[in-house]
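**Student:** Sequences listed follow chains A, B, C and D, in order. Each residue of the first sequence is one higher than the last, beginning at 1 in the numbering used here. Each residue of the second sequence is one higher than the last, beginning at 1001 in the numbering used here. Each residue of the third sequence is one higher than the last, beginning at 2001 in the numbering used here. Each residue of the fourth sequence is one higher than the last, beginning at 3001 in the numbering used here.
Quick caveat, the hints were computed from the structure, so don't treat them as lab data. Just so you know, not all the hints are guaranteed correct.
What the hints assert, rightly or not - Distance condition first, Cα-Cα at most 30 angstroms in a straight line; then the derived DSBU-like pairs of lysine-lysine:
(1) K69(A) <-> K1149(B)
(2) K1149(B) <-> K1069(B)
(3) K149(A) <-> K1073(B)
What the hints assert, rightly or not - Covered stretches of chain B (in silico footprint by chain C; criterion: 3 or more residues with CB under 8 angstroms from a CB of chain C, positions within the stretch not fixed):
(4) 1056-1062
(5) 1130-1137
Owing to the predicted nature of the structure, the values given are computational and were not obtained by experimental measurement. By construction, the Cβ of each residue, glycine as well, lies at the ideal position given by its N, Cα and C atoms.
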Amino acid sequence: MTVRVQEADFDLSSEIAALRQGRPDIGAIAAFIGLVRDMNAGEAVAGLTLEHYPAMTQKALEAIVAQAKQQWKIDAVRVIHRVGRLRPSDQIVLVAVASSHRGEAFQACEFIMDYLKTQAPFWKQEQTPAGTRWVEARASDTLAAERWKKT
Amino acid sequence: MTVRVQEADFDLSSEIAALRQGRPDIGAIAAFIGLVRDMNAGEAVAGLTLEHYPAMTQKALEAIVAQAKQQWKIDAVRVIHRVGRLRPSDQIVLVAVASSHRGEAFQACEFIMDYLKTQAPFWKQEQTPAGTRWVEARASDTLAAERWKKT
Amino acid sequence: MALTVLYFARLRETLGVAREEIAPAHDLSSVAGLLDHLRSRGGAWQAALAPSQPFRVAVNQDMADALTALRDGDEVALFPPVTGG
Amino acid sequence: MALTVLYFARLRETLGVAREEIAPAHDLSSVAGLLDHLRSRGGAWQAALAPSQPFRVAVNQDMADALTALRDGDEVALFPPVTGG
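Can you make the complete structure from the sequences, with help from the hints?
**Tutor:** Laid out in structure tokens, this is it:
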């Protein structure tokens, strides 16, 4: 398991290569990439500042990955989340999961994203023409995370 | 929609960059990468030959993507499938789906993979120490594809 | 009536043919008719295309089944269950 | 009893403090007690930490709730619902 919180950008090909490194038995990788959109809630977004709770972030992400590993057969996981100042089209987050079973890779990847969205201490502040605003948490994200408890 | 069938390898970062090109409204990308495993059904795999039905392959993949677009709100899709001779750890397939909604990106990506596995005319022949053998279709892939019909 | 029939993967190897042009004496109205025609060759044809075998059929590059109608000039492909991805 | 309390994002801005060390006269046995203590400051504290507000609590970097027990030296963080990813 690799979990990183960083200001720097990341390269998808390199990260997936690192995930697979020395594991020729890996046949399936599901990945999610989150990007800064140029619009949100009807307003243009010029940039984003991602604040986090440094002492907790890594721990929270590792706990989410550990939960995923308990629920699904996973060979390798990589989670990278950026913090600091970002601009539209910038990469924010990568979650990549390798498993022998395609379905488990997809499920674990989506589970990690859903929990990251509701459990990991990150907060987005957007710069818009009307000024700076904190992004509101979405009820749909809470629902997405809660749905995993039913299974 | 971009669908490609090719012998050449592909670069993940470049493909995802191309998928997003000129679309700063894209916030979520779900992707699947299939790789050649060095073992299958208990035997070492030295290499793979991927045969296909050229006149049909592109058409079949495009039809699967069109079906996904009918069922989910999708902003962009990229499907790349390799043919010819491959070696362990080589990339075989990439399916990447961009959507405003994370859940729809995941579902459409998994749907396309499940249908590709059962509907697109590709056949794998493996080279093992015991000789050359055709890979058998798996019942689990048929079940995975059929599950989408229930929703 | 003239049909092009293509064979792929293990089926191509078993039957020893990748492509043939068929001009049967009687019109074959559906895939079922074509399959009967091919099975009537006996031997490997009868065995490999037996109804119990899990082969697939495409007509003009679309997945088809025994009931799919055939017309003059159609391209029919016979192949094992696919294993891509 | 001494506690470190951290505030993040909008809550940090509203309350005008990122971190404070609290040494209350009476021991606060749980998060609920700490919240009552902070609300008793009135004004923005009472408003921002009202039970109807959707803030979250972590104790020693783990998600917590009002019933979570507090011990001397704990690090308590108060913050809005998270919006990463």
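**Student:** Okay, the region 1056-1062 of chain B and chain C, do three or more residues pass the C-beta test at under 8 angstroms?
**Tutor:** It holds, with 3 qualifying residues against the three required.
**Student:** Does K1073(B) lie within 30 angstroms of K149(A) when you go C-alpha to C-alpha?
**Tutor:** 26 angstroms, holds
**Student:** Would you say the region 1130-1137 of chain B counts as covered by chain C, given the rule of at least 3 residues with C-beta under 8 angstroms?
**Tutor:** Holds, because 4 residues of the region 1130-1137 of chain B bring their Cβ atoms closer than 8 angstroms to Cβ atoms of chain C.
**Student:** Against the 30 angstroms threshold, does the CA-CA distance of K69(A) and K1149(B) hold or violate the hint?
**Tutor:** 29 angstroms, holds
**Student:** Please verify whether K1149(B) and K1069(B) have alpha carbons no more than 30 angstroms apart.
**Tutor:** Holds. K1149(B) to K1069(B) sits at ~15 angstroms (cutoff 30 angstroms).
Comparing the model with each numbered hint stated earlier shows that all of them hold.
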